[in-house]
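Trainee: Please arrange chains B, C, D, E and F on chain A, whose structure you already have, making use of the hints.
Protein chains in written order, with this note's numbering: chain A, 1 to 290; chain B, 1 to 290; chain C, 1 to 290; chain D, 1 to 290; chain E, 1 to 290; chain F, 1 to 290.
No wet-lab data here; the hints were simulated from the structure.
Hints are supplied without guarantee of correctness; some may be wrong.
Remember, identical chains collapse to one label, so a pair may be satisfied in a single copy or spanning two.
Result set (DSS-like, lysine-lysine): computed pairs, CA atoms no more than 27 angstroms apart in a straight line [said to hold, decoys possible]:
| hint | residue 1 | residue 2 |
| --- | --- | --- |
| 1 | K238 | K226 |
| 2 | K24 | K238 |
| 3 | K95 | K11 |
| 4 | K238 | K285 |
| 5 | K11 | K285 |
| 6 | K82 | K11 |
| 7 | K226 | K285 |
| 8 | K11 | K226 |
| 9 | K11 | K238 |
| 10 | K95 | K285 |
Treat the numbers as computed from the prediction; the structure is a model and nothing was measured.
There are 6 protein chains.
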Amino acid sequence: MALGRFDDLLKQVVRELAEPESYKEVFHQLCDGESLPSLTGLSEIVDLCRAILFPGYFGYSHITSHTIAYHTGVNVECLYNKLTEQILAGLCFDKAAEATRERATAICAQFIGRLPELRRQLGTDVIAAYEGDPAATSYGEVISCYPVIRALSNYRMAHELHLLGVPLIPRIITEMAHSETGIDIHPAATIGDYFTIDHGTGVVIGATSIIGHHVKLYQGVTLGAKSFPLDAQGNPIKGIDRHPILEDGVIVYSNSTILGRITIGRGAVIGGNVWVTEDVPAGTKVLQKR
Amino acid sequence: MALGRFDDLLKQVVRELAEPESYKEVFHQLCDGESLPSLTGLSEIVDLCRAILFPGYFGYSHITSHTIAYHTGVNVECLYNKLTEQILAGLCFDKAAEATRERATAICAQFIGRLPELRRQLGTDVIAAYEGDPAATSYGEVISCYPVIRALSNYRMAHELHLLGVPLIPRIITEMAHSETGIDIHPAATIGDYFTIDHGTGVVIGATSIIGHHVKLYQGVTLGAKSFPLDAQGNPIKGIDRHPILEDGVIVYSNSTILGRITIGRGAVIGGNVWVTEDVPAGTKVLQKR
Amino acid sequence: MALGRFDDLLKQVVRELAEPESYKEVFHQLCDGESLPSLTGLSEIVDLCRAILFPGYFGYSHITSHTIAYHTGVNVECLYNKLTEQILAGLCFDKAAEATRERATAICAQFIGRLPELRRQLGTDVIAAYEGDPAATSYGEVISCYPVIRALSNYRMAHELHLLGVPLIPRIITEMAHSETGIDIHPAATIGDYFTIDHGTGVVIGATSIIGHHVKLYQGVTLGAKSFPLDAQGNPIKGIDRHPILEDGVIVYSNSTILGRITIGRGAVIGGNVWVTEDVPAGTKVLQKR
Amino acid sequence: MALGRFDDLLKQVVRELAEPESYKEVFHQLCDGESLPSLTGLSEIVDLCRAILFPGYFGYSHITSHTIAYHTGVNVECLYNKLTEQILAGLCFDKAAEATRERATAICAQFIGRLPELRRQLGTDVIAAYEGDPAATSYGEVISCYPVIRALSNYRMAHELHLLGVPLIPRIITEMAHSETGIDIHPAATIGDYFTIDHGTGVVIGATSIIGHHVKLYQGVTLGAKSFPLDAQGNPIKGIDRHPILEDGVIVYSNSTILGRITIGRGAVIGGNVWVTEDVPAGTKVLQKR
Amino acid sequence: MALGRFDDLLKQVVRELAEPESYKEVFHQLCDGESLPSLTGLSEIVDLCRAILFPGYFGYSHITSHTIAYHTGVNVECLYNKLTEQILAGLCFDKAAEATRERATAICAQFIGRLPELRRQLGTDVIAAYEGDPAATSYGEVISCYPVIRALSNYRMAHELHLLGVPLIPRIITEMAHSETGIDIHPAATIGDYFTIDHGTGVVIGATSIIGHHVKLYQGVTLGAKSFPLDAQGNPIKGIDRHPILEDGVIVYSNSTILGRITIGRGAVIGGNVWVTEDVPAGTKVLQKR
Amino acid sequence: MALGRFDDLLKQVVRELAEPESYKEVFHQLCDGESLPSLTGLSEIVDLCRAILFPGYFGYSHITSHTIAYHTGVNVECLYNKLTEQILAGLCFDKAAEATRERATAICAQFIGRLPELRRQLGTDVIAAYEGDPAATSYGEVISCYPVIRALSNYRMAHELHLLGVPLIPRIITEMAHSETGIDIHPAATIGDYFTIDHGTGVVIGATSIIGHHVKLYQGVTLGAKSFPLDAQGNPIKGIDRHPILEDGVIVYSNSTILGRITIGRGAVIGGNVWVTEDVPAGTKVLQKR
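Looking at chain A on its own, in the form it has when it is part of the complex (with noise of 0.2 angstroms):
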């Protein structure tokens, strides 16, 4: 093709993709002149966390004993402030409250004060991946290889986030897990310690599920809605609870559905490929009929 000919095409192309009317469904319109939360950013974010809450097994590999305080030091501030700014960014999707720095700030060193208990908790997580598979051979391979941790790491940072009233933020990073596992936990979902998923590719946890502790589960399992309440409108209704609630030491296996606000009792068991729409009693197994 003419160099001549494709310069019109590409002033062509440009009028026509920078004319606002196009754009109006895909840019974001809010709050003109800030800028949005960055993937890249938040993705540094995701491995500064790691970094911290696995010393040595993510980021520099080098660590000591000795050595751990100077990184945790650096790693620390420089979360401080790379999520501060993300925070601002994502405090445009707020339509209630104003986006202040000061806002940003606060939020921000209310989740670093969580980091402590973050590690307790994932520390859990690490133990019951090992006791639960006997094909790992170390709490390392389990905190280096299993895509749970990677999973359960971003999960629980986004839902610290959550509670703290982030928009928007705490669904990137999971979803950032979701693409790296397979696991799809959204960051709403409340779940207890010691929680494990073997394999994990294909998992769904929708917004509204419980879990409690010492809780695992296998591939392809999804703890879905039934169906989505309708309004005058024939929209779905936002914020009813829909997902499933799985009390402590419930285990179900791979490419089983739940679905509903149902209970799946303490200590149940659900096998593998089962469809389950209605509460199951505690202590129970249910199999898939054959």
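Mentor: Below, chains B, C, D, E and F alone, put in the same frame as chain A:
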């Protein structure tokens, strides 16, 4: 190991690996001297396209309505240069026609000219995802987080390139989204407006599938082939229509499998975990027997 | 928040996170002062191996038959240096023997010596993927795009390292492919030539699985363990053969689950969505009852 | 050395280096908590300015007259964001006024508004370098290669920032050119149009120098101060006019030194290796006595 | 400043800077649509050449005699590809002949063919630097540290490209060394074997200089032109022999200036700080009168 | 040029360049298999040292008095690891003793232990530069901009490494500063506190120079050797004291040259452009005769 011994091993291994007979299956012999499409290059192209199609959400996050024309201009020009190179490299794989820079340039310009329509169509997908999910809080959340948007942005680019006769590259682009999202859409499939997939992991949409407007799929759905007719030599016959047709308004719930050149009629609903190999009339519901 | 207050918080959080008691589950204590295997380093190693095994398709894309020896030489030497470092770091996790540079070097050299055989075997996998898929248009498309090739290239590397007694690292390498492709193959599994997996998302192949030649799986197939025998303390007994044996020529369609140390005989076909927990004789077909 | 002993040394050295008394000369105490100007950031700013002022020669080399507006738009916007941050950091060093983002923004916008005039002036310098050197073959060669153009592009940027009252940063920018070219021009010096320096290494132009139009210097020329008047405490009095005035059309050959607030009259020629400390009348020649 | 006002300023400044009349001196008009030589690209080329010519000292530092062929092969091939692109871009500046890829390729191949001779010649320069400096402890120190080696490696590459008729690029390459070392050698100068310069800062060697074998210069030496004959329009006549000839074995001490087409005879010694404008007979010494 | 012909040329050139006889002057033969010091690695080491010695001015610019210990800890640990590698590589060049990791580690630890004293000394240099220049406005400006500080930070590091017996590396480090600033200080020279150089381009300080406290030099000053005593074979005798001694408080103005093992007495002043080859008594002034 003594260093000297490794030097001998190195030379021996290199000699074996550089022996032409040894690499005939794994090394491209069609046009020795030309370069192959580069995965890194194509990944940059996908990033550029996303930055053009969803300004601010992908790529540079500080963009405003005042600077969008500058950024779009630079990105489109850059896309034109990079994509032309890759198309030229890809044309090597088309044994039927010559791989010339003129042809690559012409194809690339046609693709560029389609960008505004691509964005319009992706805008309908954003709306469909937002309206279909009670957990979605804004278009921005959908664009930033939802795997379906990434899968569709790659698929819609790749489909255009496929229609323009570019070999190999469309498939590489949809496989990039497959890796990122767990959603595997063949670039040759035909998909209408307002299409969405919830969660998405494990979805497979085969090459000859035809999907209407306002269709919704859930995670784990397969639109596959039932069996392959074999030719006289026992090899699968290529190019036969072998995947389903989903008419407007169809919904398919999680983990269902629809196989063969069958038609799911307008507005039909396929429940979860169902195996469908025959036509489904418009407006009907198919549920798993239990 | 006032800056002064954040400084106090920072010091407090760092103090808590650097408290040895607090990180005992999440920080590697075996050989303080040694470095852990680096995820970035292992990712570079996988890229190098792929560039060596599939010249032009991965890594530098301008390679020709005239320059392949130079590129292979540089890449193999580089692989040798980087992999030796990582093996040395990984040997820390082997409590039975000392982690010496001599041992790491010797293992690495043995691995290098196996590269030509690895490439031969991967060549058979490319042929199997091409011949089994009517949508495949060339070996080049298979190598560039098909997730199974990435999963198998990582698995076959990792399996060699596993056979050479390297701890931890093989598992990290297969989990990298799991993240990239949704295909989860344990490095200890045994897999013959001409193996292929279509689409692949959700496939799980357990540690003691044995797979013959010319076997084909579809997406969502699990080769898993039925149940874990527990020891006197109620912990799973490690190292027992607990996954299936698939003999030559077996085909397993999508989303089927095969559990326990059972044998699927030569040429048997398992349909989609089937749950199999008992031996299947050679040449038979198992279909879902509907 | 035993690792344990290094850990003790490390802690000891860090303690000494983090002791406030120890770093009082080498660490900025003015506004603890604010960031200092970043050398990397300023280096990017110089690259951006050069890319704007000499399109195609610096920065992206594929630019055409059709795309220059897009590239200039993106670069100027980027310059605005980055330069505002650096000016804000630099304002800390101005003890007389508060360092506010508003002030930084206003200064930066004034600087941006001066870019067209800066480019006009640098255009005259390109012409002067081309016409004065029999070895120069094109304006393009002068812009790409001649150190004087780099020194003057930095000086002219820095001089604008100096006139706008920005502390510290102008000096950092001219010292970057000093490092790159061996030409040391103080940002406070005043220099007319069509100025050139041949070869350039070792040239020094002091802070209160005034240079007219069409002036040419050769390598090693110093425009310096003769002596510094001291105040009552024996310290040099700051801010006194102490460097030479060179009127229009003056030429100074290599390695000559001109010291003190003297005037070299219009069209005068100073030969090589000469030491001048008194006024030189217009139109005369000063040669080394031999 | 209000953001809205900056948007107006931005548009205004971009409009002025993109106005063709405004950039006619500073933007290359010869072949709009072609790219200009890239400074980054040429810098990579210099690094590649140095890595080829001084293996291990520049570029990859682990090279051994067993792997030198692999590294050299990869580097030379890479050099060929990158240099061809840059030569093609540079040929735009040659108004006398067409800039074709064929011509660029042919020139580049001739340059590649000269690399062994280039290395031989640079080897003599290393010996000269080592033998002439009592502080030098090894050839390795000379190659790693001495600015003269960097200046000569760039000059000798650039001189070959100059002889092959490449415009602009040779000058860019020698100016890179000028910036790095303070030594300014014009690529058209002719320099024999075993040449060295001590310290080097401030040395200038003009375009028509001719230097024999075994010549040594010290810092600050200028081999310059005395005056430029002007043509009828008062412009310097280009292309006249105007710089000195230094015969074999000449030594020139620091800061001396030798001007005009004069001959310094075989073995002559010029002392420091001397101004020479007339022939010096072979074997004589010229000292500063004091 | 036909591609086939280039392939032949490539093989031919590589063969010539990999011929051991051809690279004997330009390739390090001492300890084949060990790596040479890496210029990139040493450049990172210089950056780390500067970041440690001048916190905030070099390296991370957001540092505060609250986080300085964390950053210093991380930087010093990183310096220890990187510098040990480079020292080990450098020890190859010391033919008198074995290059062991133990020796490298011990030397590096001693160097680390000297950092507080190095910073104290550089603090005196900052004060000297500030007090001696009427244009200097703050210590911060001196640290950020003045080339003398960069030259001295490299020299003072390099001098410590020289005293610890490290070969080659000290010289590489001072030559990096030479390239950056035009100031060439041999690492073996001895320099007291409160030393400064104004402007700096072209300054040369030879290996056996001894400089007291409170000495000031201007640009272009050479402290050189007068002539080299030759041995019986006509080669310069290495290791003889051959450069000047400058006692406390000496000032040397621009472009003066001081040659040979002479003493410039306490408080003496040497004017500009002077050539000095004999002792100068304390307190006297030496001016150019005119």
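Trainee: For every hint, state whether the structure bears it out.
Mentor: Going through the hints against the structure:
{"no.": "1", "hint": "K238 <-> K226", "verdict": "within (14 angstroms within a copy, 39 angstroms between copies)"}
{"no.": "2", "hint": "K24 <-> K238", "verdict": "within (23 angstroms within a copy, 42 angstroms between copies)"}
{"no.": "3", "hint": "K95 <-> K11", "verdict": "neither (36 angstroms within a copy, 31 angstroms between copies)"}
{"no.": "4", "hint": "K238 <-> K285", "verdict": "between (33 angstroms within a copy, 25 angstroms between copies)"}
{"no.": "5", "hint": "K11 <-> K285", "verdict": "neither (66 angstroms within a copy, 50 angstroms between copies)"}
{"no.": "6", "hint": "K82 <-> K11", "verdict": "between (37 angstroms within a copy, 18 angstroms between copies)"}
{"no.": "7", "hint": "K226 <-> K285", "verdict": "both (21 angstroms within a copy, 15 angstroms between copies)"}
{"no.": "8", "hint": "K11 <-> K226", "verdict": "neither (50 angstroms within a copy, 48 angstroms between copies)"}
{"no.": "9", "hint": "K11 <-> K238", "verdict": "neither (43 angstroms within a copy, 41 angstroms between copies)"}
{"no.": "10", "hint": "K95 <-> K285", "verdict": "neither (46 angstroms within a copy, 40 angstroms between copies)"}
In summary, the structure is inconsistent with hints 3, 5, 8, 9, 10 from the numbered list given earlier, while agreeing with the others.
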